[in-house]
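Novice: One letter stands for each residue in the lines below.
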Amino acid sequence: MAVISFTLNGQTQTVDAVPDMPLLWLLRDTLALTGTKYGCGIAQCGACTVHMDGAPVRSCVIPIAGIAGKNITTIEGLSSPVGQSVQRAWLESDVPQCGYCQSGQIMSATALLAQKSQPTDAEIDSAMNGNICRCGTYQAIREAIHRAADYVATNEKDGGVA
Amino acid sequence: MNTVLPFKIDRRRFLKASTITAGGFMLGTAWLPDLLAQPGRPAAPLRPDAFIHIGTDDVVTLIINKPEVGQGTETSVAMLLAEELECDWSKVRTEFAPIDAAYGAMQGSVGSSGIRTSFDPMRRTGAAARMMLIQAAATQWGIDPVRCRAENSMVIDTETNNSLSYGSLAEAAALLEVPSDIVLKDPSQYRLLGKPMLRRDAPAKINGTATYGIDMNLPGMVYAVVARTPVPGGTLLSFDATASKAVPGVRDVFEIPQGVVVVADNTWAAISGRRVLEMQWDAGENATLSSVGISQRLAELVAQPGVVALDEGDANAAASNTAKTFEATYEVPYLAHAPMEPQNSVALVTTDSCEIWTGTQMPGVAHLTAIQTSGLQPAQVKINTLYSGGGFGSRGGGPVVAESIEVANKMLGTPVKLVWSREDDMLYDRYRPASVVHFKAGIDATGMPVAWTGRVSCSSFAGLRDGIDREAVAGLAEIPYEFAHKHFEYQEPGIKVATNYWRSVGHSQNTFFTESFIDELAGQANKDPVAFRRELLANQPRMLGVLNLAAEKAGWDTPLPAGRFRGIAVVNCFGSYNAQVAEISLEQGEVRVHRVICAIDCGTVVNPAGVIQQAQSAIVYGLSAALRGSITFENGRVQQTNFHQYEPLRMKEMPVVEVHMVASNDVPTGIGEIATPAIAPAVTNAIFSATGNRIRKLPISLALAT
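First to last, the sequence lines map onto chains A and B.
The working numbering puts the first sequence at residues 1 to 162.
The working numbering puts the second sequence at residues 1 to 706.
Honestly, the hints are just simulated from the structure, not real lab data.
Since the structure is predicted, the reported quantities are computational estimates derived from the model, not experimental observations.
Treat the hints with caution; some may be incorrect.
[As the list claims (entries may be wrong)] Sample of chain A residues facing chain B (criterion: CB under 8 Å; computed from the structure):
(1) G41
(2) Q44
(3) I106
[What the hints assert, rightly or not] Under the rule of at most 16 Å between Cα atoms (straight-line distance), these lysine to aspartate or glutamate pairs were calculated in the EDC-like manner:
(4) B/K652 x A/D121
(5) B/K486 x B/D314
(6) B/K245 x B/E278
(7) B/K91 x B/D57
(8) B/K185 x B/E151
(9) B/K652 x A/D125
(10) B/K410 x B/E255
(11) B/K652 x A/E143
(12) B/K527 x B/D557
(13) B/K652 x A/E123
(14) A/K116 x A/D150
(15) B/K245 x B/E255
Where a beta carbon is used, it is the ideal one built from N, C-alpha and C, also for glycine.
The following block holds chain A by itself, in its conformation from the complex (with noise of 0.2 Å):
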């Protein structure tokens, strides 16, 4: 067992647990923060990503030993004007079916947002390819980054306003 602190959703955090265990169960099973999906274990399908300083990593490969002293934003404390901007496109395209994947969508799409104001497709085709969803929402995915990229630049030109 090991007691590591970082920072989850903006408030300090500390924990002790095996080391090894990921980042994923942590969240899930002791925090009770279920937004964030298990979909394979091993980083193939996206449905775990989460934030750590702002980039998407899959939680269910991350080991908490390496997430000590890291910045952790899941699904729940999504709050950045850009994260709000997706989910609200994420909404008015209607994207969501079974929804089970769309966590890990969001945090992808934002963290793609957050360093690129205005993707092609081509951008949002690498940067959603990570992220498995069996209901085929990919189409409906892209309109709703577009969107969201709309919204995020209406917002900076507004002066931040969310």
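Could you slot chain B onto chain A? The hints should help.
Specialist: Chain B only, in chain A's frame:
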């Protein structure tokens, strides 16, 4: 015909509901068609039921009897109720129904049946409630109810413009008898039906608050995973749990009928404990099972006489006596369902109760499973249906529910979350069966086929009746194309691999077979694939309708840019009609699907946004399988364990999908599975157009590589 009988409100049930909804009104119906009803079997007895709760606070709660597995019925069934109820859509709540016979047999989300079985009953339920609320208002005002209309959860006196809210009328309305002469709205007056409506479940699914089965969390809950036989049908000889029990967080290791269970404080500890579990298995009779052997077995059987499933005219003679004959054999592999959420179930068993929380397509089956596995009485067993992270036929309410109860039976009073890892979900799925078909057509002197004969060998997955699995021959033993002579046979291969329904069921493989062979016959006749189909579908107006719509929208008769090619396929399944044109190119030996034009006739469209979603979804599901999907066996073991070896379509491969609906006032038919079957043959027919290479064995990636 549906029988409409009035009933008195059951006061006890009404009061019970009132405690939930802060006073109000419950309306029951027994109009729900019995999904499993057999001809001649008496209809289920009528009994009060609850689809609509109206609180005195004006909140309308609609009870949805179809689990939401992604197909959108939480929204579309609510639309049916709300349209006729004339309630304020923005204030509607939805809840999933408990297990009750009045909610229909098995309360399933299967067979593209959601709208088909709900359209009339739910509209009638909503209309009955509206009429009762109007009657209650008219009585209070002392006027004739014909003076009243309902709108936005209000009853309005059209002469005085006085109004009363549904909440204020609910208790009086609840005491009235259900009217027997239900008046449904004229479709021209619809405010919701036929309009694209956003999904009701979307807000919770974009912020992480939607609760799927795997998210269920109870105080004191433990986590369990099961180690099962590596070969289907194998038996456990012995196990040693010493190393497992030394893993931090592991609480116990014991045997259940399905294998050895590791119980722990969290999922990771359970998985870690299972990893070091030592077990000896007897592989049993499947020890040498291999995909090569299965293919050989199926191919041998389609060369031998089988059970006759279709016989019209004198097909076998005609197929041999015509000007020429044409034969071809096609094959598809086993497929896993691989929903994003692996199978899971939470069980809490006590000496006199069993409660289950799970995402399932079949809550009724889950209930039966729980009764059998717990040994308790039906009333002691409760099923809580949560969201499912996809189903596609995998969530039948059986195996994982049973496993969770087997564990909970040994831990009375402790809630157990039993989770299948992705590997479990892929290795222990009940698969879409592999199938081989052989066709032989007799062709006349003009080049047109006059005789269609064939035989399929495919493991029974829906049950044998008179030696025939009707799902294994779906779309083969009742083809829409017109031939003077038709004959079709079935061969059950006796392979001991667990099989099950997979999105679009028998059509998932059989449409690839028929639409490939039809395309080949068009080539034999030297005719354009669309023109050829039109000739053979001359008496099938709805098939022709989607065929022509897809061809028109795709610009079938106009040239494509260099390097692009088209293929077409058409299907009739679950009462609906679908044609697809796939536009492809070939790049370094791999196929790239750029655009899919999808024409659908599903009768009356309830939620066009939902139809578009389901069409896109079904196409992606079918295309994933067509391109790469294959579950294979070697030494009895499944060789694909996770998404790196069974890789669904990804974003980079997503074609542009255009969905076009045939305007129709026909009764609504299925939509959830309709667009899965045609995509594989549309793509392989396009590949033939590009290369002259006829792909007769899926998946496409393997066929192109060899």
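Novice: None of the hints should be skipped; say for each whether it holds.
Specialist: Here is how each hint holds up against the structure:
Interface hint at A/G41: satisfied, since its Cβ lies 6 Å from the closest Cβ of chain B, which is below the 8 Å cut-off. Restraint check, A/Q44 versus chain B: the minimum CB separation of about 4 Å is within 8 Å; hint holds. The restraint placing A/I106 at the interface with chain B holds, with a minimum CB-CB distance near 6 Å, inside the 8 Å limit. At most 16 Å may separate the alpha-carbon atoms for a hinted pair to count; B/K652 and A/D121 meet this at roughly 9 Å.
Pair hint B/K486 plus B/D314 holds up; C-alpha atoms about 7 Å apart against a cutoff of 16 Å. The suggested pairing of B/K245 with B/E278 holds, with an alpha-carbon distance near 11 Å, which does not exceed 16 Å. For the hint linking B/K91 to B/D57, the alpha-carbon distance of about 11 Å falls within 16 Å, and the restraint holds. For a cut-off of 16 Å, the pair hint linking B/K185 to B/E151 stands: about 12 Å separates their Cα positions.
For the proposed pair B/K652 and A/D125, the alpha carbon gap of about 5 Å is at most 16 Å, so the pair holds. Between B/K410 and B/E255 the alpha-carbon distance is near 10 Å, which keeps this suggested pair within the 16 Å criterion. With a CA separation close to 14 Å, the supplied pair B/K652 and A/E143 stays within the 16 Å bound. The straight-line distance between the Cα atoms of B/K527 and B/D557 is roughly 13 Å, inside the 16 Å bound, and the hint therefore holds.
With a C-alpha separation of about 10 Å, the suggested pair B/K652 and A/E123 falls inside the 16 Å cut-off, and the hint holds. With a C-alpha separation of about 12 Å, the suggested pair A/K116 and A/D150 falls inside the 16 Å cut-off, and the hint holds. Among the hinted pairs, B/K245 with B/E255 is consistent with the structure: their alpha-carbon atoms are about 14 Å apart, no more than 16 Å.
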